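Start from the sequences and build out the full structure, keeping to the hints where you can.
Residue strings, one per chain:
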Amino acid sequence: MEKVTLLIMLFDLLLGLGLLWLAWQLLESRNLFKAVVLFVAFGLLMALAWVRLDAPDVALAEAAIGAGLTGALLMAALAKLPSRDKSEPLADEKGHWLLRLALLLVAAGLGYVVHSLPESAPGLSAEIANNLASSGVNNPVTAVLLNFRGYDTLLELMVLMLALLGVWSLGIERSTREEPVGPVLTTLVQFLTPLLILVAAYLLWAGADAPGGAFQAGAVLAAAMVLLLLAGWPLQGLLTGVALRLMLVAGPATFVALAGLTLLDAQLLAYPPQHAGKLILLLEVAATLSIAVTLAALFLGYRPRTNKEPG
Amino acid sequence: MDMLYLGVAFFLLLNLLAGLWRVLRGPSAADRMLASQLFGTTAVAILLLLAERFATPALRDVALLFALLAAVTAVAFVRRIGSSHERQ
Amino acid sequence: MSASDYLSVALLITGAVFFLAGTVGLLRFPDLYTRLHALTKADNVGLGLMIAGLALQAESWAVVGKLLLIWGLVLLAGAGVAHLIASGALKQGVRPWKK
Amino acid sequence: MNTALLYSLVGIGLFSLGLYALIVHAHLLRKILAINVMGSGVFLLLIALAKRTATPLPDAVPHAMVITGIVVTVAATALALTLMVRVAMENHRAELSDQSQE
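Residue numbers (my numbering), protein chains in the order written: chain P, 1 to 311; chain Y, 312 to 399; chain B, 400 to 498; chain H, 499 to 600.
Since the hints were made in silico from the structure, they are not lab data. Note that this is a predicted model, so its numbers are computed, not measured. Here a beta-carbon is modelled for each residue, glycine too, at the ideal position from N, C-alpha and C. Fair warning: there could be bad hints in the mix.
Derived Cβ-Cβ restraints for the label pairs, each shown as a range [stated by the list, open to error]:
(1) H:Arg584 - B:Ala478: 35 to 41 Å
(2) B:Lys490 - P:Phe191: 21 to 27 Å
(3) B:Ile412 - P:Ala270: 28 to 34 Å
Quick list of in silico lysine to any residue cross-link-like pairs, SDA-like style, CA-CA up to 20 Å [unchecked claim]:
(4) B:Lys490 - Y:Arg391
(5) P:Lys34 - H:Leu520
(6) P:Lys34 - H:Ala524
Listed below in structure tokens is the structure:
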């Protein structure tokens with residue numbers, strides 16, 4: 001038994017030191033492409049850290065977003081930078097000792113505070129356990145996200161929408177000269193896309209009882225769309241105008257409608273327990289669709305237009 | 312068995328961190344991308360071992376996601392950056 | 400420990416050796432094209448052996464199915480990505496290593 | 499040393515490294531990566547502190563907050579990257595200069 005605990009501790013120590021070392025390397029590397037690849041590897045190790053901290057829901061979200069979307073977003077942005085910009089010498093760092101000292105003091109202070117926190121703090125876990133039966137789902141994280149603190153999720157969907165509005169108001173439509181798609185990429189995408197859609201549906205359904213839910217499912221679905229865009233499918237021509245807008249607002253609109261209805265009856269987003277399960281599923285389906293389309297549109301980087309619209 | 316799962320997982324984590332040397336050294340962008348692809352596979356193996364050791368089936372779903380999405384970053388690299396982007 | 404446990408132990412350890420071979424190849428081989436071998440060592444054989452070892456311990460057939468699905472996906476992605484990276488590099492004029 | 503404390507300290511370390519890089523480096527992509535690393539540090543601290551329950555199940559509220567945070571981070575990163583590309587188009591380099599230009 002003693003040996004097992006020691007081995008787990010060594011694993012944790014190696015993972016922690018690996019994370020810190022990777023962060024240092026990626027932030028101080030001369031070459032920006034290297035920094036991006038290291039950042040993707042950093043996300044991989046973060047997922048392992050979530051696993052060690054008993055947070056499988058967070059690990060799923062990190063895997064769905066870190067492995068698929070973040071890397072693709074960074075690669076696409078890097079490709080748009082002027083080429084001489086990609087490996088510039090780092091700033092002269094000789095004069096930063098005062099800053100280093102100050103940050104070291106801040107880190108030491110924070111470390112001391114965390115160290116002096118009590119060993120055990122139940123937080124809200126008892127309240128969640130007591131109310132889980134009336135929430136309509138069995139996974140505490142889903143219950144918090146869509147029932148107990150549903151307003152957080154509502155506002156989060158609004159933030160996603162705002163980010164997309166920002167990108168659309170800035171975004172520059174550029175016709176990148178793309179190489180023709182080879183048979184290997186086509187086959188790969190043909191195999192992966194249906195599976196990605198299936199896994200998204202599975203995660204959405206599983207979210208009620210096990211780790212999973214709207215965020216993870218939405219991110220996986222977004223990854224499928226990003227893959228199709230990368231493989232040259234004209235998704236940006238298909239999803240335009242009213243259809244696109246409807247999908248973008250499906251999540252927030254369902255949420256707001258439900259918030260209004262519950263406000264008439266009792267309290268903001270307090271569902272009647274006998275309907276809670278169904279309402280959460282409805283919200284999750286709408287939120288998954290909106291999250292997926294919003295994230296894919298963020299990757300696209302400009303507002304797709306119909307042919308009729310003036311450019 | 313517990314000891315073995317943990318031991319192999321620890322060994323694979325060491326392997327992964329050693330492989331980072333290739334990302335740091337390059338020389339080409341394609342080399343770095345390839346190395347990070349290998350990390351994805353190693354992470355899948357570690358997750359499956361931990362799923363068995365700690366009896367947490369959800370970790371298999373995390374591994375499944377890594378396996379499914381491993382190609383996305385690499386395809387983004389091939390389609391957007393290509394391998395000539397930097398040669399030293 | 401039963402016979403299947405011993406078999407699992409053997410499979411897991413052999414799998415770990417293949418992962419080690421993959422890392423050594425990644426670090427020591429002279430050029431991009433030879434380093435591609437590292438990917439196949441770990442993906443195809445190393446992970447395959449590990450999954451066989453874990454499948455022997457699995458509690459249900461559904462778990463075995465999921466494990467095999469994961470292996471298949473890693474194989475597909477590994478093969479596809481290796482091809483895309485290599486053919487891209489070849490087109491850009493990265494020359495294969497010659498002794 | 500217990501797990502929660504170890505990962506909390508790693509989280510603080512990541513936050514400090516990210517903050518340093520954010521201040522020191524001029525290139526906008528480095529700044530975006532630095533903010534992401536800082537965010538990961540904060541998330542790690544939150545989840546590590548959520549583990550300090552008496553039961554084996556950790557507190558689910560920080561977990562839900564971090565999942566929300568991860569999705570918001572990727573959206574904010576996408577917006578920041580678009581801004582960066584725009585700056586690079588106007589300035590011919592992805593940096594903000596000290597002098598205000600007309």
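Against the structure, the hints come out as follows:
{"no.": "1", "hint": "H:Arg584 - B:Ala478: 35 to 41 Å", "verdict": "holds, 38 Å"}
{"no.": "2", "hint": "B:Lys490 - P:Phe191: 21 to 27 Å", "verdict": "holds, 24 Å"}
{"no.": "3", "hint": "B:Ile412 - P:Ala270: 28 to 34 Å", "verdict": "violated, 55 Å"}
{"no.": "4", "hint": "B:Lys490 - Y:Arg391", "verdict": "holds, 15 Å"}
{"no.": "5", "hint": "P:Lys34 - H:Leu520", "verdict": "holds, 18 Å"}
{"no.": "6", "hint": "P:Lys34 - H:Ala524", "verdict": "holds, 17 Å"}
The structure is inconsistent with hint 3 alone, although it conforms to all the rest.
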